[in-house]
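Undergrad: Those sequence lines, one after another, are chains W and A. For what it's worth, this note's numbering labels the leading residue of the first sequence as 1, then goes sequentially. For what it's worth, this note's numbering labels the leading residue of the second sequence as 1001, then goes sequentially.
Keep in mind the hints are simulated off the structure, nothing from the lab. One or more of the hints may lead you astray.
[To be verified] Reference listing, derived: stretches of chain A covered by chain W, where coverage requires no fewer than 3 residues with Cβ under 8 Å from a Cβ of chain W:
#: 1; stretch: 1219-1227
#: 2; stretch: 1411-1419
[Stated by the list, open to error] Here are the simulated SDA-like pairs of lysine to any residue, each with C-alpha atoms no more than 20 Å apart in a straight line:
#: 3; chain 1: A; residue 1: K1289; chain 2: W; residue 2: T35
#: 4; chain 1: A; residue 1: K1542; chain 2: W; residue 2: M45
#: 5; chain 1: A; residue 1: K1125; chain 2: W; residue 2: V17
#: 6; chain 1: A; residue 1: K1263; chain 2: W; residue 2: S18
#: 7; chain 1: A; residue 1: K1297; chain 2: W; residue 2: P55
#: 8; chain 1: A; residue 1: K1297; chain 2: W; residue 2: L75
#: 9; chain 1: W; residue 1: K58; chain 2: A; residue 2: G1040
#: 10; chain 1: A; residue 1: K1041; chain 2: W; residue 2: D51
#: 11; chain 1: A; residue 1: K1263; chain 2: W; residue 2: V52
#: 12; chain 1: A; residue 1: K1297; chain 2: W; residue 2: S30
#: 13; chain 1: A; residue 1: K1297; chain 2: W; residue 2: R24
#: 14; chain 1: A; residue 1: K1041; chain 2: W; residue 2: V29
#: 15; chain 1: A; residue 1: K1263; chain 2: W; residue 2: D21
#: 16; chain 1: A; residue 1: K1542; chain 2: W; residue 2: V29
#: 17; chain 1: A; residue 1: K1128; chain 2: W; residue 2: I59
#: 18; chain 1: A; residue 1: K1263; chain 2: W; residue 2: Q53
#: 19; chain 1: A; residue 1: K1289; chain 2: W; residue 2: V17
#: 20; chain 1: A; residue 1: K1263; chain 2: W; residue 2: M45
#: 21; chain 1: A; residue 1: K1289; chain 2: W; residue 2: S16
#: 22; chain 1: A; residue 1: K1289; chain 2: W; residue 2: V52
#: 23; chain 1: A; residue 1: K1297; chain 2: W; residue 2: I59
#: 24; chain 1: W; residue 1: K58; chain 2: A; residue 2: K1263
#: 25; chain 1: A; residue 1: K1270; chain 2: W; residue 2: S16
#: 26; chain 1: A; residue 1: K1270; chain 2: W; residue 2: E47
#: 27; chain 1: A; residue 1: K1125; chain 2: W; residue 2: S16
#: 28; chain 1: A; residue 1: K1263; chain 2: W; residue 2: L75
All C-beta atoms in this analysis are idealised placements derived from N, C-alpha and C, irrespective of residue type, glycine included.
The primary structure of each chain is shown beneath.
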Amino acid sequence: MFEKIVNILVELTENSVSPEDISRDTKLVSDLDLTSLDVVNAVVMFEDEFDVQIPDDKIADLETVGDIEEYLKDLIG
Amino acid sequence: MKNKDYPLYDTLRQITDLKDMVNSHAVELADKPAFSWNEGKEVKTKTFADFKNDTEAFGTWLYSKKYKDVHIAVVGENSYEWVVAFMSAANGGDVAVALDKELPDDKLKELVEQGECSIVFASGKNFKSLAGENKQEENAAVCTEVSIGGKIVDVYNLEDVEDFIATGKTLLSGGNTDYKDYKIDPGKMAALFFTSGTTGKSKGVMLSQKNMAADINAACKNFLLEGETTLAPLPFHHAFGLITAVFMVFNYGKLVFINRSLKQIQRELKQVKPDMMFLVPLFVETFYKLIRQTVRKKKKEKVLSVASGVSNMLLAVGIDKRNDIFREVREGLGGNLSVIISGGAHLDEKYVKAFRTFGIDILCGYGITECAPVLSVNRNHYFCDGSVGLPLKGCEVKIADDGEIIARGDNVMMGYYKDKESTDAVFEDGWFKTGDLGRINENGFLFITGRKKNLVILSNGENVSPEEIEDRLLRHEEIAEIIVSGENGQLIAEIFPAEGHMGDQAFFDSLIDKENEKQPQYKKIRKVILRDTEFEKNSTKKIIRYKKDQA
């Protein structure tokens, strides 16, 4: 799962970040330089990839790559 | 697209206020769709007549609850109910207070208190945070009394608006016409929008019906809304997102498709196929990224680059083949999008040029909440790249002696709510001082050159706008970020170099030397400081200028 998340994020940064630079502590906005809309797009891509629904209210809580992985794991169960 | 001066559009009747707009459209465009949105798998639609009936019914319910002459806050994600609540309050002599749904709980409560709101309509997490977790859904359509700042505030769920409309309709059919008969006082405060207040306390911008009507009337003269459909993703608590992107579109008699969640925007672009959109630069930049991603996925980068060249060459000789050549690119944005009005912040010219290549015209404008909000916009067939367009007719815009853009007209706010000191500070001889610096060229186009508070006053008394110099220097790709400021009465530049140029002091000294040669003495940069870390930025990715020395 971690790898898939990383691949989606790398695509969103237009390959300006390489996968090995992303860890669970990597912050989406301050480290990957994603805008708030990029994060929304990332969420849409996670929803498609993992076939889950992430509520809008939850998006602001997803600060790090680790947050995403943990949340998706909870959703998938 | 021709680019020359032409008469203002004069096809619409001048509205006196928002109630006049709603009522007249309900007659002239009765069965035409005014609002649509996705609800689950269903598309809901309300006509112009529905909207009048719903606002009247909701207002009648408000009056029946003795919510008359009070301040009514609305907060939550974009929705039809949001617009009904706001419009009903504004058109019944109440004050509609627009609040940002992203505010932290304590700040939200602070603004409810500052805006002296007696009632709040909130949805989603905002409702939960105001009314408390246990109060929702159990018993629909009830009011929760909450103490905010020592005052009891009635909190309602925006999702229950439909129930209140139903009650209002029953009251109306029973002959209760108090709300319907209310006569608008054009000069009375009807709406309160809060400035973002990133550097201090938020200020409540008081707008009257006259202010909003004046701006809608004037903007409709500069700009023609072609096509039938718009998609509205900008948050409604912003004057641009509401007065311009919703009310002005309504005034044109066109459909506003309400984007209720940004997650849906890509899907809705394809579903709704908007003809035009009102956006802030962040959206334009994201759309551009989406286009590039699509192109990259299909491995057609080279094709796109060649096609752009060919298309621009054809366009130069008057042959417009953009629709055919870039059909696939445009389809990612629905396929019909031909005009984007961009406002709210500076948009880099490169996006304007790139989108034009694809056949989508971006018309940049300029506005400020205090001016309800539009002050200028590029016209459909008369525009100047790099400018924010022509000032609206009926709204005077000029450049003061110190370079500040100042405005006067019916669209200029009444003042800041219960803040005489701040109000006095922004008005001088009847002119509103925007705080932005600009110039107007020989054809009347307005250019923004910086913020007045960032002005550097040099030892020789010259005033220099650092943003103007920064914009020029940022064209060098070796410079990733730059801040120009004053030190001991002289200009200095602090640069965060692009990759491959870190720490190369000699290179940047020579680059700045060359740039200095083209500048008058007082605009020459005397010292270059290189950084090895980026500048600290705020949530909208703007460099926090005053922190530049602390990193």
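Undergrad: Hints first: check each against the structure and report whether it holds.
TA: Quick rundown of the hints versus the structure:
1. 1219-1227: violated (count 0)
2. 1411-1419: violated (count 0)
3. K1289/A / T35/W: It holds: about 11 Å lies between the C-alpha atoms, which stays within 20 Å.
4. K1542/A / M45/W: 27 Å, violated
5. K1125/A / V17/W: Measuring from Cα to Cα gives roughly 34 Å; hence the hint is violated.
6. K1263/A / S18/W: 25 Å, violated
7. K1297/A / P55/W: Not satisfied, since the Cα-Cα distance of roughly 28 Å exceeds 20 Å.
8. K1297/A / L75/W: 29 Å, violated
9. K58/W / G1040/A: Judged against 20 Å, a Cα distance of about 19 Å means the pair holds.
10. K1041/A / D51/W: 17 Å, holds
11. K1263/A / V52/W: 13 Å, holds
12. K1297/A / S30/W: Roughly 26 Å separates the two Cα atoms, so the pair is violated.
13. K1297/A / R24/W: Not satisfied, since the Cα-Cα distance of roughly 26 Å exceeds 20 Å.
14. K1041/A / V29/W: Cα-Cα ~32 Å, so violated.
15. K1263/A / D21/W: Roughly 27 Å between the alpha carbons, so the hint for K1263/A and D21/W is violated.
16. K1542/A / V29/W: 13 Å, holds
17. K1128/A / I59/W: 17 Å, holds
18. K1263/A / Q53/W: Holds, because 11 Å separates the two Cα atoms, which is no more than 20 Å.
19. K1289/A / V17/W: Judged against 20 Å, a Cα distance of about 15 Å means the pair holds.
20. K1263/A / M45/W: Status holds; Cα separation ~10 Å.
21. K1289/A / S16/W: Given that 20 Å is the threshold and the Cα spacing comes to 13 Å, the pair holds.
22. K1289/A / V52/W: Roughly 24 Å separates the two Cα atoms, so the pair is violated.
23. K1297/A / I59/W: 26 Å, violated
24. K58/W / K1263/A: 12 Å, holds
25. K1270/A / S16/W: Outside the cut-off at roughly 28 Å; violated.
26. K1270/A / E47/W: 18 Å, holds
27. K1125/A / S16/W: 35 Å, violated
28. K1263/A / L75/W: 18 Å, holds
Consistency note: the structure conflicts with the earlier hints numbered 1, 2, 4, 5, 6, 7, 8, 12, 13, 14, 15, 22, 23, 25, 27.
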